[in-house]
Amino acid sequence: MASSTFKQDMPPEGGYKPIPYKRIPAKTFFSGWALIGGYLGMTAGAAYLYYLNCKAVHARELEARSASFAIYPMLLAERDRAYLKQLRKNREEERELMKNVEGWKVGTWYGEPIYKTEKPDTLQDQLYHEYYVHSSFKDYKKRAHLSLIS
Amino acid sequence: MGVTDDVILPTEEELTVPEINLSGPALKAGAFHLGKACENQNNEFMLCRNELGDPRKCINEGKAVTNCAMNFFRQIKKTCSGEFMQYVNCLDKSSPDQAFNPCRKTQAVLDKCVKDNLGIDRPPYDYYTRVHVHKTARPRLPVEGPTVYEDATPRLPEDIPKPEAKYGSRYIFLW
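Protein sequence lines correspond, in order, to chains F and L.
Residue numbers for the first sequence follow our numbering, beginning at 1 and rising by one.
Residue numbers for the second sequence follow our numbering, beginning at 1001 and rising by one.
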């Protein structure tokens, strides 16, 4: 036999350490009420900051709108003149285009007006297609899709 | 289309006046002072335009507006050209939508110059969005009464006797 001495495996001197079966809860920094209070407090603070931001954005929009209103009469006056000039041009263009057609009256369908109950000297706002009817398709397209390129 | 020979359109000469040849940022830069300088003309024009709703009838008011704006920008060009162009440049290049916010410093410089030379204060930031009362000499529009139909059934005279119903009226709970 290789070895004749036998050593019994035994517990260490003084016995095993006690088994740590006791529950160790995680350290609590805040109580539940503190968490709820903190949540409400932070929300209130954030809401106040949001209010300030909203106010600033609103003021910015208001200022931009105010500036637009200030120049609007000038732009409208200029636009009105250009509009009336174009209406006259359109009428002359139609007269020129339809001069060989028998019985054609400008602005009507062979003498039948579009608006029958209005007084004759009423300027109706033009439809987009009517206004651009004698222009080139390029100009027509450019104006129609202005919002896509500006 | 729709514009017949009966519709009286102003002639080309009546409609041709020197127009303001300025780009968007420049107009926006001058907007607040311009609105204040031409307040009366602007209000007259907008009143006419909204009351009558016809561009042909407000040509003269519109010309006054353009003339006033033209004079204003001429004065600006004469006195505060450098400050104005600095502000225009800032408005144009600081933001995609010509916001006023990034340009407060150049705006203050322009405001001071305009105040010193033209005597126009910059109005509060929401001045033109508020409601203002405009005193005008324009005659009041005639009020259109209710439509009168000739073949309408004539009303009973006011003093016609109204006797009680002979057998009363049927009454069931509510009616």
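Because the hints were derived from the structure by calculation, they are not lab data.
On a predicted model such as this, the values are computed, not experimentally measured, just so you know.
Heads up, some of the hints might be wrong.
[Unchecked claim] Computed beta-carbon distance windows for the label pairs: (1) Leu97(F) / Pro1096(L): 35 to 45 Å; (2) Lys55(F) / Tyr1149(L): 24 to 34 Å; (3) Ala56(F) / Pro1096(L): 11 to 21 Å; (4) Thr43(F) / Pro1018(L): 30 to 40 Å; (5) Lys55(F) / Val1133(L): 23 to 33 Å; (6) Arg1122(L) / Glu112(F): 31 to 41 Å; (7) Arg1122(L) / Pro113(F): 44 to 54 Å; (8) Glu1158(L) / Pro113(F): 36 to 46 Å.
Here a beta-carbon is modelled for each residue, glycine too, at the ideal position from N, C-alpha and C.
Hint check against the structure, violated hint numbers in rising order: Those not satisfied are hints 2, 4 and 6.
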